[in-house]
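With the hints as constraints, model all of the structure from the sequences given.
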Amino acid sequence: MSEAAIPALPAAAPRRMGHGAFWLASAAVALLLVLALRGFGNEYAYFAATFVLQYVVLATAWNILGGYAGYVNFGAAAFFAAGAYATVAFGKALGLGLLPCIALAAATGGLMGFATGILTLRLRGAYFAIATLCLSVVLQTIVVNWSYVGGSRGAYVIRPREVPWPFDTYGGYLCAVMVVLAVASVAIARTIERSRLGLGLAALRDDEAAAEAAGVPTLRLKLVATTVSGALMATAGAPLPYLNSYVEPNSAFGLAYAVNAIAMPLIGGTSSWAGPVIGAVLLASLQQAATVTISSAANLLIVGAVLVVFVCAAPHGIVGLFRGRR
Amino acid sequence: MDPDLALLLNGVVSGLLLGGLYAAAAAGLSLSFGMLDVVNIAHPAFMALAGILVALLWAATGLDPLILSILLMPAFWALGAALYVAYHRFFERRGDEAIQGLAFFFGVMFIIEVGIVLTVGPEQHFADAAYASTTWRLGEIDLPLRMLVPALVALAAIGGLVLFLRRSFTGRAIAAVAQDREALRLLAIDPVRIKRLAFGISIAFAALAGGALVVVQPVDAASGHVFIGRIFAIVIMGGLSSLGGCVIAALAFGVVENVTATFYGPSWSPAVAFGCLLLMLAVRPQGLFGRVA
Numbered sequence: 001m002s003e004a005a006i007p008a009l010p011a012a013a014p015r016r017m018g019h020g021a022f023w024l025a026s027a028a029v030a031l032l033l034v035l036a037l038r039g040f041g042n043e044y045a046y047f048a049a050t051f052v053l054q055y056v057v058l059a060t061a062w063n064i065l066g067g068y069a070g071y072v073n074f075g076a077a078a079f080f081a082a083g084a085y086a087t088v089a090f091g092k093a094l095g096l097g098l099l100p101c102i103a104l105a106a107a108t109g110g111l112m113g114f115a116t117g118i119l120t121l122r123l124r125g126a127y128f129a130i131a132t133l134c135l136s137v138v139l140q141t142i143v144v145n146w147s148y149v150g151g152s153r154g155a156y157v158i159r160p161r162e163v164p165w166p167f168d169t170y171g172g173y174l175c176a177v178m179v180v181l182a183v184a185s186v187a188i189a190r191t192i193e194r195s196r197l198g199l200g201l202a203a204l205r206d207d208e209a210a211a212e213a214a215g216v217p218t219l220r221l222k223l224v225a226t227t228v229s230g231a232l233m234a235t236a237g238a239p240l241p242y243l244n245s246y247v248e249p250n251s252a253f254g255l256a257y258a259v260n261a262i263a264m265p266l267i268g269g270t271s272s273w274a275g276p277v278i279g280a281v282l283l284a285s286l287q288q289a290a291t292v293t294i295s296s297a298a299n300l301l302i303v304g305a306v307l308v309v310f311v312c313a314a315p316h317g318i319v320g321l322f323r324g325r326r
Numbered sequence: 001m002d003p004d005l006a007l008l009l010n011g012v013v014s015g016l017l018l019g020g021l022y023a024a025a026a027a028g029l030s031l032s033f034g035m036l037d038v039v040n041i042a043h044p045a046f047m048a049l050a051g052i053l054v055a056l057l058w059a060a061t062g063l064d065p066l067i068l069s070i071l072l073m074p075a076f077w078a079l080g081a082a083l084y085v086a087y088h089r090f091f092e093r094r095g096d097e098a099i100q101g102l103a104f105f106f107g108v109m110f111i112i113e114v115g116i117v118l119t120v121g122p123e124q125h126f127a128d129a130a131y132a133s134t135t136w137r138l139g140e141i142d143l144p145l146r147m148l149v150p151a152l153v154a155l156a157a158i159g160g161l162v163l164f165l166r167r168s169f170t171g172r173a174i175a176a177v178a179q180d181r182e183a184l185r186l187l188a189i190d191p192v193r194i195k196r197l198a199f200g201i202s203i204a205f206a207a208l209a210g211g212a213l214v215v216v217q218p219v220d221a222a223s224g225h226v227f228i229g230r231i232f233a234i235v236i237m238g239g240l241s242s243l244g245g246c247v248i249a250a251l252a253f254g255v256v257e258n259v260t261a262t263f264y265g266p267s268w269s270p271a272v273a274f275g276c277l278l279l280m281l282a283v284r285p286q287g288l289f290g291r292v293a
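Heads up: the protein sequence lines correspond to chains B and G, in order.
First residue of the first sequence? That's 1 in our numbering, and the numbers climb one at a time after it.
First residue of the second sequence? That's 1 in our numbering, and the numbers climb one at a time after it.
Everything labelled a hint here was simulated from the structure, so no lab data went into it.
Hints may contain errors.
[Unchecked claim] These stretches of chain B come out as covered by chain G in the derived footprint (C-beta under 8 Å, 3 or more residues):
1. 120 to 133
2. 142 to 149
3. 256 to 267
4. 294 to 305
5. 310 to 318
C-beta: ideal position from N, C-alpha, C; glycine also.
Right, dumping it as structure tokens:
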């Protein structure tokens, strides 16, 4: 699914695009993507595209905290699964459909991100990474013991019978929702990157003490970054129950999500919004292809090998390769 | 004896034995992550690899698994030294080891795990030591040798490591490289050589921990996963570079987990142990036994 890489083109232009123009361009790309996938009209194509796009959202969200602010979040799976389980819980409790559940999942993830930010304000580097890892374990234990959402047995989510107009199947509708989410999160990430907020985050990534001394409100910026990043990661996970029609704690909190969320921005390049998009499209398509053609064990081997090769040979990711050559 | 008290005592004792296994796993990481600042997330994967190799060698030779794991240590030392050479060449020398190095070890972890699955298969491997089914009883308290022997061997090895770090010149150089590598250079010691040696030792300890693990439970390629969070938590709780603190933290972690599992069911035990760590990080980030930076 290389279509999602299209937003990379505008940034290559020498004149910088304004935020409004970028949002418009993103909307156009989203529309084109939806139409292109509609043209395929194949249920597997929908599934594969949704799979890849969920990683675009996840990687972009991780990069807001990990790439811009330099705080490595090991607990991406916790936020992702929180989104998925928010869909299950709110859907069951209030009988809501997919879209309101996504909004509520984003709110849940944002709250969780805010709480994480407050709890881990004093931590830096590896300590922050371990704290987020702990958060993931604690949350998984709570979900395993929470029988309302299925506990360790998992929960089934039945796709609704009626499909919203103008889509022919529910898979297509889900895919279109994911396209919108992916494009919106990329646009949010770019807006943050090019704003004062992004500059402040870059300052605290390079030297937190110096940034603090220069009057950058590091505390507030970090809280904003953890909140936005958490909300977007939960958004990425929210459609998961509908995509697989089943969620189960071990896979929702699985290492694969946490690792992919880190690996994709690193392979693409963490300094720019295009990096996570490129990395996610590349790695997720590779994994999807490997799962279908070889085996699911080989798919992890590919992640491992690609990761090692890229961090050794291209320390600034694919984006860095192009920047260096210019 | 009061049955509740007996249950609690048994929970504490088997928690201490479990803690011995955690200590074996965490000691190597305390060396690499705590002293050398190498965030080796693949450490538990090396443990699983060693466990499976020990199980295969045990099936072939019938020697005691712990002796086999000690025999494996030199090979793992060489493996660790080679890995450090690559790590140093690509990351430390360039100065961007933080996130990139982490991703590198993630990749190494996957390569090891999938390598195991593709060569020896995804099934569990086990090795039965001669004492595996014996249990000593002290009054109401059970002491299964299957847990006791690996824990004691691990603690003895850690004791040896502590002596080596305190007494020998090379050991003190390892402790010094953690604090100031430039000062080491002024003493005409090559810090890279010292770190290579130390990283090799940390992977050799992973081999020992793998041997201990395979005595305690069957091992498969993904056995390392449950240890990732735990051993990093233990090393941080122990205050990073202090091996003594690491052992105490490991024992405490084992006891907390086991007592929770005894009274509230095993599904709650990770939440309590990791919740404690989360609270501790928020209140006292330098660890229980760490120095204030």
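Results for each hint:
1. Evaluation of the coverage hint for the region 120 to 133 of chain B: fulfilled, as 10 residues show C-beta separations to chain G shorter than 8 Å, against a requirement of three.
2. Note: the region 142 to 149 of chain B has 3 residues with beta-carbon separation from chain G under 8 Å; the three-residue rule is met and the coverage holds.
3. Coverage of the region 256 to 267 of chain B by chain G holds [criterion: at least 3 residues with CB-CB distance below 8 Å; count 4].
4. Only residues whose beta carbon comes within less than 8 Å of a beta carbon in chain G count, and the region 294 to 305 of chain B has 7; three or more means the coverage holds.
5. Given as covered by chain G, the region 310 to 318 of chain B passes the check, having 3 residues with a CB less than 8 Å from a CB of that chain where 3 are the minimum.
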